[in-house]
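All chains, full assembly: derive it from the sequences and hints.
Residues per chain are reported as follows:
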Amino acid sequence: MTASQLALRDISKSFGTVQALYPLDLSVPEGEMLALLGPSGCGKTTTLRIVAGFEMPDTGSVTIAGRNVTALPPNKRALGMVFQNYSLFPHMTVGENVAFGLKMRGIGAAERTSRVRTMLDMVRLSGLEDRGIHQLSGGQQQRIALARALAPGPRLLLLDEPLGALDKNLREGMQFELRQIQRELGITSILVTHDQEEALTMADRVAVMSQGAVVQLGTPTEVYDTPNTRFVAEFLGTANIFTAQVRGRDGDGWEVALDGNASCVVTAAIPLATGQRILLAVRPERLRIGPPGSGALDARVHDVVFRGATFAYELRAPDRPAPLFVYTHERATAAAGDTVGLRWEPGSAVVLQEPT
Amino acid sequence: MTAAPRKYRLAPRSWTIPALVFVAVFFVMPLVGNLVRTNNTGEAVGQGPWFYYVKLLTDSYYSGVLLTTLEVSTIATLASLLVGYPVAYFMARYAGRWTGFFVFVVIAPLLTSIIMRTFGWRVLLARHGVLNSIFMHLGWMTRPPNLADDPIAVYIGLVHVLVPFMVLSILAVLQGVDRRLEESARVLGAGRVRTFLSVTLPLSLDGVITGCILVFVITNGSFLTMLLLGGGRITTMSLLIYQQFNTSGDIGFAAAMGNVLMLLALVGLGLQMLLHRRARP
Amino acid sequence: MIRHRKRIDRTAVALGCYMALFVVFIVAPIVSVVIVSFSSASFIIFPIPGYGLAWYRRIIEYRPFIDAMIVSAELALASAALAALLGVPAALAVARSRSVGAAVIANVLLAPVSVPAIVLGFSLLYFLSSLALGISFTALLIAHTVASIPYIVRTVLATYRAVPAQFEEAASILGASRFQVLWHTTLPLVRPGIFAGALFAVLTSLDNLPLSFFFGGARTNTLPVVMLSYMENQFDPSIAAVSTVQMLVAIIALLALDRLYGIERLTAA
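Protein chains in written order, with our numbering: chain A, 1 to 356; chain B, 357 to 637; chain C, 638 to 906.
Hints are not guaranteed to be accurate.
Unchecked claim - Beyond 12 angstroms from chain C on every Cβ pair, some chain A residues (computed): (1) E96; (2) L102; (3) E177; (4) R277; (5) R300; (6) R316.
Said to hold, decoys possible - With beta-carbon atoms standing in for the labels, derived distance ranges: (7) A:D130 to B:L434: 49 to 59 angstroms; (8) C:L658 to B:L434: 11 to 21 angstroms; (9) A:A213 to C:L894: 22 to 32 angstroms; (10) B:M629 to A:E197: 33 to 43 angstroms; (11) C:L894 to B:L423: 42 to 52 angstroms; (12) B:L559 to C:V650: 17 to 27 angstroms; (13) A:D130 to C:G689: 51 to 61 angstroms; (14) A:E197 to C:V650: 58 to 68 angstroms; (15) C:G738 to A:D130: 42 to 52 angstroms; (16) B:R542 to A:P323: 40 to 50 angstroms; (17) A:I241 to C:L824: 49 to 59 angstroms; (18) B:W406 to C:N744: 40 to 50 angstroms.
Claimed, not checked - Calculated from the model, a selection of chain A residues having no Cβ within reach of chain C, i.e. all distances over 12 angstroms: (19) P73; (20) G80; (21) T118; (22) R148; (23) R247.
By construction, these hints were calculated from the structure, which means they are not laboratory data. Backbone N, C-alpha and C define an ideal beta-carbon position, used for all residues, glycine too.
In C-alpha cells:
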C-alpha cells in the first residue's frame with residue numbers, strides 16, 4: 001500500500017458556536033490529486049487552511065510525509081499553495097515572486113536564477129522574469145502563482161479555488177494543464193472547489209463535503225455514477241429523483257414500484273427489503289425517450305432547449321411536482337406538448353443511501 | 357487527541373506594549389496630574405477641590421471667556437460649513453480631471469505655518485494693508501479702517517485655517533454619494549435645489565457632521581489667531597491659559613482652565629464616536 | 638440640419654466663480670506675506686515702497702532664527718521617526734482584530750490628537766519637570782512624539798486593513814518566518830500608510846506652537862516659538878521672510894520626495 005503523503009486524523013474545528021468541521025479522517029496517497037468539493041460553508045476551505053497551518057484544529061492531527069505537523073507554523077511545513085486570487089506580491093517582479101520561496105530557504109542567487117528559469121519553462125512563460133505583476137493577464141498570473149508554489153519543491157500542493165477568477169475558455173485549458181503538471185511532477189495535491197466539473201476533470205478522487213462532513217469519497221466516476229445521497233446526486237450534476245417502494249427480487253435486481261404506479265427493475269449496491277421505501281436517482285443522459293407506454297413512466301414534454309452539443313428536454317409527469325430532465329444527442333424526436341414514455345437501463349438507476 | 361496550539365498570528369499583541377507604555381506615561385499620566393493639580397496649588401490651597409472651577413463659572417470675566425469660547429467655535433464652525441460645502445460640492449461634481457489640483461490648493465495652506473497665514477491676514481487687513489490700499493486705489497474709501505484689530509478678522513483667520521478640514525471631510529463623503537441618485541431625482545421632476553435638499557444634503561450629512569465636530573474641536577484649542585488678530589478683543593479659553601501661564605503663573609488656575617477645555621474636547625470626541633456608531637449598524 | 642446652442646449650466650458657472658474667489662481667499666494671505674518679505678520698508682506697509690532682500694539677510698543675522706529652524710527640523714524628523722517606531726508595530730497588531738481590547742488600544746493611541754495641544758503641553762511640562770527632564774530637547778521630543786503617534790497609527794491602520802491577509806499567508810507558506818513576512822511583504826505593502834502618516838506628523842510638528850511653547854529655552858526654541866516672540870516685540874517684515882523661507886523649504890522637500898519616490902506612489906493606498 002502506498003504510504004499516505006497526507007493524513008488527517010480526527011480533525012474538527014468550530015468557530016464560536018458554529019461547528020465548521022465534524023471529526024474528519026482523510027488519507028491522501030502520494031501523487032494523488034484529491035478534490036474537496038462542496039458548496040460554500042461545507043468546510044472544504046477550513047480543511048485546507050488546517051492542512052496549511054493557518055487554522056488550528058480543535059482536535060486531531062495533521063501528518064505530512066509521516067511527520068506530525070499539527071504544531072508547526074505554516075512556514076515550516078514545506079507546502080506549496082495557490083490562492084484564489086493568486087496573491088502574487090505586487091511590489092516584486094515575476095522572477096522575484098517565483099524565487100521567493102527559494103530565497104526564504106537561503107538558496108543562493110545563482111541557483112535561484114536557474115530554478116526560476118526552469119519553473120517558468122514548465123508553465124510555458126519563459127523569459128518573463130523582469131515583468132511586473134500588473135502587466136500579466138489573469139491566466140499568466142495563475143501560472144506564475146503555480147510556478148511560485150512549486151519552485152521550492154514542496155511535498156504537498158494546496159489549491160484554493162485556483163481557477164475561479166478565469167473565464168470559461170481559459171479555465172478549461174488551465175484544468176488540463178494543471179493536471180498535466182501535477183502528474184508529471186507526481187506531487188500530492190489537494191484541490192478545493194465548488195465547481196463539480198473542475199473536480200471531476202482534475203481529480204483522482206473526490207471528497208464531496210456538506211455542512212462540515214465528508215458525505216462521499218470516491219473516484220470521479222464513482223461519485224458521479226453512484227452517488228450515495230440525494231445531495232451528492234444533485235450537487236454533481238442534474239439528477240432525476242424518484243421515490244419508490246421495493247416489491248421484491250427480480251433475478252439479480254429488485255423490482256420496485258415508482259410512486260405513480262409504474263414499475264421497473266433496478267440493481268442496488270446495498271441489500272434491500274421488500275416494502276422498503278427508497279429514493280432512486282437517474283441521470284438525464286441515461287433516460288431514453290420513446291412512444292408513450294414504452295418505458296417506466298409517461299410524461300408530457302414541457303420544453304425543448306437546444307444546447308449545442310445536446311438537446312435538453314424538460315418534462316412534467318402527473319403526481320410529480322419537480323420536472324424531469326432528459327439530455328440527448330439525437331435530433332429532436334418530440335416537441336413541446338407531446339406525451340412520451342421514458343425508459344432506462346436497469347443499471348442506470350442508482351439507489352440512494354439516505355440516512356435513516 | 358492532541359489539544360490545539362495557539363492560533364497563528366503575524367503581529368502579536370505584545371507589539372502594542374511599547375506604544376501603550378509610552379502613551380500611558382507621557383500622555384495619560386500628565387493629564388491625570390493636571391486634574392490633581394487644581395486641588396492643591398495657588399489660591400486653592402485649603403479651599404477645596406472645586407475652588408478654581410467655581411471661580412471659572414461664577415466670576416463674570418471668566419465665565420464670559422468660557423461663553424466666548426463656545427460662541428467663537430460655533431460661529432467659526434458654521435462659517436466654515438457655509439464656505440466649505442460649495443467647495444466640496446464643486447470638487448465632487450464638477451472638478452473632474454482637475455480634482456487633484458483643487459485638493460492641492462485646499463491642502464497647500466497646511467504647508468505654511470499658521471503664523472504665516474495669520475500674519476498674512478494682518479497684512480491684508482491692517483490699516484496700511486493690502487485690502488485697504490486696493491480700495492483706496494479704487495477710490496472706494498478715503499479713511500481706511502483697521503480691520504485687523506476688529507473681531508471680524510479673527511473669524512476670517514479662523515475660517516481660513518479651518519476650511520481645508522471641513523472641505524476634505526465633506527468631500528470624502530460626497531464622493532461616495534452616487535451621482536445616479538441625483539439624476540433619478542432630476543428625472544422624476546425635482547429641480548436643482550430640491551434635489552440638493554432632499555437627496556444630496558441628507559446623504560452627505562455624515563461628512564458634514566464629521567467636519568463640524570473636527571472644526572469645533574480644533575477651534576477650541578486654537579489661540580494664535582485670537583492673539584494676533586482682533587486686537588485682543590476676543591479672548592478664548594486657550595488664549596487665557598496662554599496668558600495665564602505667561603503672566604501670573606497661577607498653575608492651578610491654568611490647570612483648571614485646561615481641564616474645562618479638555619472636557620469640551622471630550623464632549624466633542626464622545627459626540628463623534630456616538631455618531632460613528634449610529635452610522636455603522 | 639438643426640444647430641443646438643450649448644445649454645449653459647448656470648449652477649456650474651456660479652460654482653466656478655465661487656471657486657475662483659475661494660482660491661483667491663486661500664492664496665491671498667500667503668502671497669501677501671511673500672510680497673512683504675521683499676519689502677524695503679522697515680515696517681509693514683502696503684503697497685511696498687521698494688524691493689530688497691534686507692529681511693532675508695536679517696534671518697542670517699538674527700541667530701535665533703537659524704537655530705530655531707534647525708531645532709524644528711531635527712525635532713520634526715526625530716519625533717516622526719520615533720512615533721513610527723512605536724506606532725507601526727502597534728497598529729499592525731490591532732488592525733485586524735475585532736475584539737474590544739483591540740478597539741480600546743487603537744482609541745488610546747489615537748487619543749492625543751483630540752486633546753487641545755495647549756493643555757497637553759502644559760501638563761507635560763509639569764510632569765516631565767517632576768521627572769527632572771524639564772526644559773530640554775528630550776522633553777520636546779517626547780511631547781512631539783506623543784502628538785505624532787496618532788497620525789501614524791491612523792494611516793497604518795487604514796492601509797493595513799486594506800491589504801488582503803493572503804499576501805502574508807502566501808509568504809508564510811513559501812517558508813518566510815514571521816520577521817521575514819514582515820520585512821518582505823507587510824512593510825512594503827503598508828509603506829504608503831507609514832509615509833502618509835509620517836508626512837502629516839512632520840508637517841504638524843513643524844507648525845506646532847502650543848506644544849513647543851512650554852518647552853522654550855535657549856537650545857530648545859522651535860521656529861514657531863521664536864517667530865511668535867519676535868512678533869510680540871518687533872513687528873517687522875523679517876517674519877515674512879522667515880515664513881517664506883520655511884514655506885520654500887517645505888515645498889522643496891516635498892518636490893524632492895516626489896522626484897525621488899513619487900508622492901503618488903508613496904501615499905496612494
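Status of each hint after checking the structure:
no., hint, verdict
1, E96, "violated, 9 angstroms"
2, L102, "violated, 9 angstroms"
3, E177, "holds, 21 angstroms"
4, R277, "holds, 48 angstroms"
5, R300, "holds, 52 angstroms"
6, R316, "holds, 47 angstroms"
7, A:D130 to B:L434: 49 to 59 angstroms, "holds, 57 angstroms"
8, C:L658 to B:L434: 11 to 21 angstroms, "holds, 19 angstroms"
9, A:A213 to C:L894: 22 to 32 angstroms, "violated, 57 angstroms"
10, B:M629 to A:E197: 33 to 43 angstroms, "violated, 50 angstroms"
11, C:L894 to B:L423: 42 to 52 angstroms, "holds, 45 angstroms"
12, B:L559 to C:V650: 17 to 27 angstroms, "holds, 25 angstroms"
13, A:D130 to C:G689: 51 to 61 angstroms, "holds, 56 angstroms"
14, A:E197 to C:V650: 58 to 68 angstroms, "holds, 59 angstroms"
15, C:G738 to A:D130: 42 to 52 angstroms, "holds, 45 angstroms"
16, B:R542 to A:P323: 40 to 50 angstroms, "holds, 46 angstroms"
17, A:I241 to C:L824: 49 to 59 angstroms, "holds, 56 angstroms"
18, B:W406 to C:N744: 40 to 50 angstroms, "violated, 29 angstroms"
19, P73, "violated, 7 angstroms"
20, G80, "violated, 7 angstroms"
21, T118, "holds, 17 angstroms"
22, R148, "violated, 7 angstroms"
23, R247, "holds, 56 angstroms"
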